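Visitor: Sequence:
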Amino acid sequence: MNAGLILVQLLNGITLGAIYVLVAVGLTIVFGMLNIINFAHGSLYALGAYLAFMAATVIGESSGSFWAAAVVAPVLTGIFGAIIEITLLRRMYHELHEYQILLTFGIAIVLQEIIILIWGTYGKSIPMPSQLDGVIHLGLFTFPTYRIFLILFTAVTCLGLWLMIEKTKYGSIIRAGTENRNMVSCLGIDINKVFTVIFALGVGMAGLAGALSLPMRGAQSAMGDSIMLLCFVTITIGGLGSFTGAILGGLIVGIVESMMALVWPQGGMISIFAAMALVILVKPTGLMGLK
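Residue 303 in my numbering sits at position 194 of the sequence shown, and the numbers go up by one each step.
Because the hints were derived from the structure by calculation, they are not lab data. Since the structure is predicted, the reported quantities are computational estimates derived from the model, not experimental observations. Errors might be hidden in some of the hints.
To be verified - Ranges between beta-carbon positions, derived for each pair:
no. : residue 1 : residue 2 : range
1   : 177       : 265       : 29 to 37 angstroms
2   : 275       : 296       : 28 to 36 angstroms
3   : 338       : 240       : 28 to 36 angstroms
As the list claims (entries may be wrong) - Cross-link-like lysine to aspartate or glutamate pairs, in silico, EDC-like; alpha carbons within 20 angstroms at most:
no. : residue 1 : residue 2
4   : 233       : 299
5   : 302       : 334
6   : 233       : 222
7   : 302       : 275
Glycine included, every Cβ here is placed at the ideal spot set by N, Cα and C.
Construct the entire structure; sequences and hints are all you get.
Guide: Dropping the structure here:
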């Protein structure tokens, strides 16, 4: 086992982690700000991948099909999420988490069946964008250009999202609304619209992750189930409701999964759950969790 192979697997782990980060950040935003446990998040990730496939298919084999799909998928997923929030979730904010779980789990099942009805059970994929279809030479090894792009894009996206939430006026309204919605309403702000935007943004992140993973991993009707499991592991490791925790947890899960492929290929999932158990034993609230 040489140094080049270890570095390649480390970067592969960061690439996987980037996908997990995008999904987990969206779930964390929804839980941390709306106090909603969204079990449909994984199915919305799958929906984003299939919407990206649909957009790329409609546009055809052109250099811009991937980029159009990467824009269309999160936008449409976000719009669909806004409809779900307005019609179903809005009345659940003051209910017990058990009812929220039942509702969102039901939505997940319906979404998965809709995906099967429209696109079937066979896997779908799109080619790499021509601008990113190649490798970059990094000294001891080469690494796919698309994966480098995915890592950098995720970093920029998370930074932009954090700046929006923490440093802008609208972000202040969002944070104030999650702390005291009655006070924000008294200021003449429609808190329901704010919550709709938050939920649409969260599920839009899942749709974006699905679109970006499509050229690399393809789309399958049940892909939402596996990503949902890993997503909950991610936010458990990072800390429920913690933005930075979701990023840290996603990277840990991706790196553990990838590095274990070198020494124990069958033990990837076992190692991930072992890492989660270790974190819970040391810090039950997660690495960045406060409560």
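Visitor: Are the hints correct? Go through all of them and say.
Guide: Tested hints:
For residue 177 and residue 265, the hinted distance range of 29 to 37 angstroms is not satisfied, since their beta carbons lie about 19 angstroms from each other. As the Cβ distance of residue 275 to residue 296 is approximately 20 angstroms, the hint placing it in 28 to 36 angstroms is violated. A hinted range of 28 to 36 angstroms for the beta carbons of residue 338 and residue 240 is consistent with their spacing of about 33 angstroms. This hinted pair does not check out: residue 233 and residue 299 have alpha carbons roughly 41 angstroms apart, beyond 20 angstroms.
Taken as a hint, the residue 302 and residue 334 pair is broken in the structure, with Cα atoms around 29 angstroms apart against an allowance of 20 angstroms. This hinted pair checks out: residue 233 and residue 222 have alpha carbons roughly 16 angstroms apart, not beyond 20 angstroms. As the CA atoms of residue 302 and residue 275 are separated by approximately 19 angstroms, the hinted pair is consistent with the 20 angstroms bound.
Of the hints listed earlier, those the structure fails to meet are numbers 1, 2, 4, 5, in rising order.
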